[in-house]
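J.: One letter stands for each residue in the lines below.
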Amino acid sequence: MDHFPTNWGRPRNDAFDAYNTYPFHVRPDNGPRDAFADNVQRTQQPIVTGTSVLALKYKDGIMMAADCLASYGSLARFKDIQRLHEVGKFTVIGASGDMSDYQYLQTTLDELLISEEITAADGHSLGPVEIHEYLSRLMYGRRSRLNPLWNSILVGGVKDGKSFLAYVDLLGTTYSSSTLATGYGAYIAQPLLRKAVEGREMDIDENEARKIMTDCLRVLFYRDARSLNKYQIATVTDSGVAISPSMELGTQWGFAEGIRGYGAQTQ
Amino acid sequence: MTSIGTGYDLSASTYSPDGRIFQVEYANKAVENSGTAIGLRVKDGVVLAVEKLIQSKLLIPGANRRIQTIDRHMGFATAGLVADGRQLANRSREEGRSLRSQFHHPPTAKMLADRLGLFVQAYTLYGSVRPFGASAIVGSVDKNGPQIFVVEPSGVALGYHGAAVGKGRQLAKTELEKLKLAELSTREAVIEAARIIYLVHDDAKEKDFELEMTWIGNETGGQHEPVPKDLFDEAERKAKEALESFE
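These protein sequence lines map, in sequence, to chains A and B. 1 is the number of the first residue of the first sequence in the working numbering; add one for each residue after it. 1001 is the number of the first residue of the second sequence in the working numbering; add one for each residue after it.
If we strip away everything but chain B, and leave its shape as in the complex, we get:
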């Protein structure tokens, strides 16, 4: 992108002459500056993982969660401005509740991501508001099976087999493409997710990070839950080993 918006970037309600909306592109920049978040849709479940950069050593471990729960069966990982991510999560919970009460059925990730996309897109239309500086990965196991959707600051909501947003997304995507996602079990996917997050983390440039991982699958009874400690530790150990052999 050119370094100047030349007057067309003052508001999200103005196009540039070549048809771009700079404010939305800047919002994407905010996402690209944050720790990576990935989502894996596999044979029988979904895994979400986040590289949470530690802002201060004084923070309690586990503070400022970036993976949140929307409904029993639905997780939500964000990259970008943390506060914007929380706002999107709260909005998703509201939408989830409304879908649940209208249809008397657990909301599907598709319905929810569509609704969230409409909400996010509305913030690209007016000069009085700023687009969301966060992308969200919605993961769920619902009547359509395991599902992953990504909602971007522009408001697009698309389904994926594997998704990556944030700083390390390019490398993470190439790693995801190497996997046979449709054949992986959720348990194997947890190991892979941890490996990818450790791989994309840039030790030289970055502060310390905390790995955050949740999953939804048969082993959780279809519920969105943090990965249990023993599996988490195993995944983290294997990730570190893989990192050493990689280098």
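One chain only, chain A, in its complex shape:
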């Protein structure tokens, strides 16, 4: 019971407001209030981050690669993190940027699959196109509420014989291409990928695609201070999704001795 008569509203007066059109007295909202609402800060920067993800189209489908590192600032904090994730039967996503936001995305997509595929049981399934569209709407929606999920994501897959590869990031920006790379890889690896792949997507077999990927990952490991020589490669083909166990990159540091101009050399 509300004991304040001022909250009871204005009694209706048939003489001048027969249809009760006059606005209702606004009652004070005494509902629960978040005491910290004014002090909530939305994500300003990612905290635990993954670096580049690379992807390309080849003869059998798509291939995606990422290293296994999650950095805490410049500290190589977690060295056995899987950044490639299978979504349904036809799709792989790979994420760079904030790893907690990425884990949230994984749970969200899992719920999506359960409600749209498993329980609906209507014979329809989500392919890479749908997953990418869903993610892009989710990311754009979050940025519009000034609370973005701090990731750049590659979505790739094969469904009904069509391969699909696209990008979406924290702003909701999307684009599609036969080679894609996020983060530092967009500067270092993307030109190499384009040179190796563009125009000959249908000529590249799995072995060559793997070689292109590992070459690019190696260059990234040499150049990107947030990268690691442990990586995984995922393929999506007509026969489904396969994510490799983590593998080590062979590297060659002999040239380093000859470098002059950094560090404590005397000459």
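To be clear, the hints were calculated from the coordinates, so they are not data collected in a lab. There could be a bad hint or two in this list.
Here are the computed lysine to any residue pairs in the SDA-like style, where the Cα-Cα straight-line distance is at most 25 Å [what the hints assert, rightly or not]: (1) B:K1143 with B:G1159; (2) A:K159 with B:T1220; (3) B:K1143 with A:K159; (4) B:K1229 with A:A121; (5) B:K1229 with A:Q103.
So these bits of chain B aren't anywhere near chain A, every CB distance computed over 10 Å [unchecked claim]: (6) N1033; (7) I1070; (8) Q1087; (9) H1104; (10) D1142; (11) R1169; (12) D1208.
Just so it is clear, the structure is predicted and the values come from calculations on it, not from any experiment. We put the beta carbon where it would ideally sit given N, CA and C, even for glycine.
Chain A is fixed; fit chain B onto it per the hints.
T.: Relative to chain A, chain B alone:
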């Protein structure tokens, strides 16, 4: 039950002088009028089967499913009013989703049946609502292994090794009791389930029926799936054979 509620059956919120709630008993009657649904909990999985009476020959085969999926690893067979069964399934999906997001773990059949039981029981408390005219068999393979729970219109949710609800439940239960459920494989259980459904179906009185069967086990990778066509056909054929030798 006496044929009259003598004024104590007008609402689920009224007891009769001898402590019964007639509206709940009437809801049970609604369940008893429907095609049988059974669930088998066996060594390495769960099988659900339903005798779906065909309301009209004009219906597309497979319409009005009575076994539904709640989560990847969880199936849900209902007997009673079809619409009430669907409502219970939708509620279970919601509960399943909420349990999954709270615990970051696939919901177990026990948790889900408990929650569903609370929901169903709330509909036995008020004069403004009617109790659910449906019983549900929740089957899953989760961290507790294979599990079967039955939720009744009164709101009780109990676990079983073998469960049967609907018209043919008495006969189905005696048949289930004859089986060594704990030693059966899921594949064998499919054959038995089909046999029991064919056995309890009353050809003389009833319309045609469609057999609906799903399973969860190692062969499905822990997923709730319709029984594959070859096994389904085999089970149906053996069920018909068994029926002939039975008579």
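J.: What are the numbers of the hints that this structure violates, sorted from low to high?
T.: The structure breaks hints 3, 5, 7, 9; every other hint is satisfied.
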